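Required output: the full structure, derived from the provided sequences and hints.
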Amino acid sequence: MTRKIAVVSAGLSDPSSTRMLADKIVKAVLAELDVRDVRREARVLELRDVAHDITNNLLTGFAPKALAEINAYVAGADALIAVTPIFSTSYSGLFKSWLDALDREALEGTPVLLAATAGTARHSLAIDYAMRPLFTYLHAEPISTGVFAASSDWGAEADQVAPLQKRIDRAARELADRLAGSVAKQKLDPYDPEAYLDGGSFADLLTDLPTRG
Amino acid sequence: MSDTTWQGMQFGLMSVSDITRNPVTGETPSEAQRIRDIVTIAKHAEQAGLDVFAIGEHHNPPFFSSSPTTTLAYIAAQTERIILSTSTTLITTNDPVRIAEEYAMLQHLAGGRSDLMMGRGNTGPVYPWFGKDIRQGLPLAIENYQLLHRLWREDVVDFEGKFRTALNGFTSTPRPLDDVPPFVWHGSIRTPEIAEQAAYYGDGFFANNIFWPKEHYQRLIGLYRQRFAHYGHGAPEEAIVGLGGQAFMANSSQDAVDQFRPYFNAAPVYGNGPSMEDFTEMTPLTVGSPQQVIDRYAAMRDTFGDYQRQLFLMDHAGLPLKIVLEQIDFLGQDVVPVLRRELQKDRPANVPDGPTHAALVTAKYGDATPRQPRPNANRGDNVTGGSPYQDSESAFGKAANK
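Protein sequences, first through last, are from chains X and G. Counting from 1, one number per residue, gives the positions in the first sequence under the numbering used here. Counting from 214, one number per residue, gives the positions in the second sequence under the numbering used here.
Don't take every hint at face value.
Unchecked claim - Here are the computed lysine-lysine pairs in the DSS-like style, where the Cα-Cα straight-line distance is at most 30 angstroms:
| # | chain 1 | residue 1 | chain 2 | residue 2 |
| --- | --- | --- | --- | --- |
| 1 | X | 24 | X | 4 |
| 2 | G | 558 | X | 185 |
| 3 | G | 427 | X | 187 |
| 4 | X | 24 | X | 96 |
| 5 | X | 27 | X | 185 |
| 6 | X | 166 | X | 65 |
| 7 | G | 427 | X | 96 |
| 8 | X | 4 | X | 166 |
| 9 | X | 185 | X | 166 |
| 10 | G | 577 | G | 558 |
| 11 | X | 185 | X | 4 |
| 12 | X | 4 | G | 427 |
| 13 | X | 96 | X | 185 |
| 14 | X | 27 | X | 96 |
| 15 | G | 427 | X | 65 |
It is worth saying that the hints were derived from the structure and are not from the lab. Being a predicted model, the structure only gives us computed values, none of them experimental.
Structure follows, in structure tokens:
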């Protein structure tokens, strides 16, 4: 079964270093999956393309078509690579707005590779104090290594001891291991009676009231 | 005039009772004005040949409709034919005993011209105001409706549940008109358990079909139809489906767009969001000529199957009374007569008509005389003597009641 990897980039410019980082990570992840003989596909999704849709979703409660397609791909993916610029000490507002508009259950149990970009390495911990709790709250499963790229990582001033590629490769291995050792994601359609009745009848709900609101 | 001989489809209005500033004049109607206007609107709907007037229930400004049965009973007294309904009645925060009593009263006063739609409500604070927790919305809807359903069908009810004080030997009065409970719709925009609930009881299901793309509601209605059959009430196409809708009309589509745009842009539900063009493309809102509205709504059955009730939201977003009445005239004169003709075509014979009290009475009694409950003399309690009504067996046999 082909494993699906959704790559979400919240970069705002074009080209953006956030997208560049996303591309480098997905390339490494795909290579690691190939080594493990895991059939795979990946799709890179740019939030800038649906920025207006995201705002409209927040205002109207439904996702316009382009955003709905992205969200459906993410919800059905076996893994997510989430890459955001760090603005004012945290993930970008667009990135958070997208997650706010995403179905609350969409990422439950999904392994996530966290990655971020910023001007300097002083923001690198934002992955762990801002992104990680967010995904934990959504019951996603972020892998332990996050990948942070500062502007300097793209030039001669890059970290020579633990270079960006080495950090990417480590995260890619972790994600690939997780995927190789897991079964493909099977999501029950919420409109399938199996999903909310668990094989029973509505009469069962009358005697054993559901716990969800 | 519209052809009212065909009972298959019921067309009407649904109001949320918002009191919204008119963005063109800058004026906000008073509560007193808006309440007078809603009566005018409902009466006008009947005169225009519409079949249903429904009003919502809210417990916070800028809405006025906290007590739908009061409003509907007043309208019932001033109309002859139109069915009075709700959009919606809060099954979560109301005591089901009070719903049973109030809507049975309304049903008597309206001569059977009333039904109601259950909803959970979407305003968070309403729950704590009535001592409830929004996180319990679904269990409340399930338990409360189970009790309501029994209160209208059993003369004496013993009940013990999670949310309400227990009942022992309780009789909800008055008994429903002709001992036939009001028809119930269950409304939901996203919860499959509510579609399941409607299917389980063989009640109607209503999709508000206003704010989101129609494909979203298609899944819930598809589920409801499938489960209606699963619970043995008939084929999927025999399930009772209602839809909301939204339109603004003028003789030319450009006039409609120009007239409605300021109201659209300032409307609380979609203002400052998508453009009116995008929103009308994505959702069933139609702004244009009556023919455009006919085309859009005649096609709804292609998505949802043949259905029984179509309600339009017309009095909202600060539209002044005069414009609302004009919109009702467009519906009554230009749109509904054509939709009746169109939707009658190719409608399978087993698709039921829109629900009415008369049809429910016939279904229950055939040619027999409907039950008319008459209480026994007051014994001071309901507990020791069996039924409190003369035509039912008491604990000591029928003779004991005489």
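Going through the hints against the structure:
{"no.": "1", "hint": "24/X <-> 4/X", "in the structure": "holds, 17 angstroms"}
{"no.": "2", "hint": "558/G <-> 185/X", "in the structure": "violated, 46 angstroms"}
{"no.": "3", "hint": "427/G <-> 187/X", "in the structure": "holds, 23 angstroms"}
{"no.": "4", "hint": "24/X <-> 96/X", "in the structure": "holds, 23 angstroms"}
{"no.": "5", "hint": "27/X <-> 185/X", "in the structure": "holds, 22 angstroms"}
{"no.": "6", "hint": "166/X <-> 65/X", "in the structure": "violated, 38 angstroms"}
{"no.": "7", "hint": "427/G <-> 96/X", "in the structure": "holds, 27 angstroms"}
{"no.": "8", "hint": "4/X <-> 166/X", "in the structure": "holds, 24 angstroms"}
{"no.": "9", "hint": "185/X <-> 166/X", "in the structure": "holds, 29 angstroms"}
{"no.": "10", "hint": "577/G <-> 558/G", "in the structure": "holds, 29 angstroms"}
{"no.": "11", "hint": "185/X <-> 4/X", "in the structure": "holds, 9 angstroms"}
{"no.": "12", "hint": "4/X <-> 427/G", "in the structure": "holds, 29 angstroms"}
{"no.": "13", "hint": "96/X <-> 185/X", "in the structure": "holds, 24 angstroms"}
{"no.": "14", "hint": "27/X <-> 96/X", "in the structure": "holds, 25 angstroms"}
{"no.": "15", "hint": "427/G <-> 65/X", "in the structure": "holds, 12 angstroms"}
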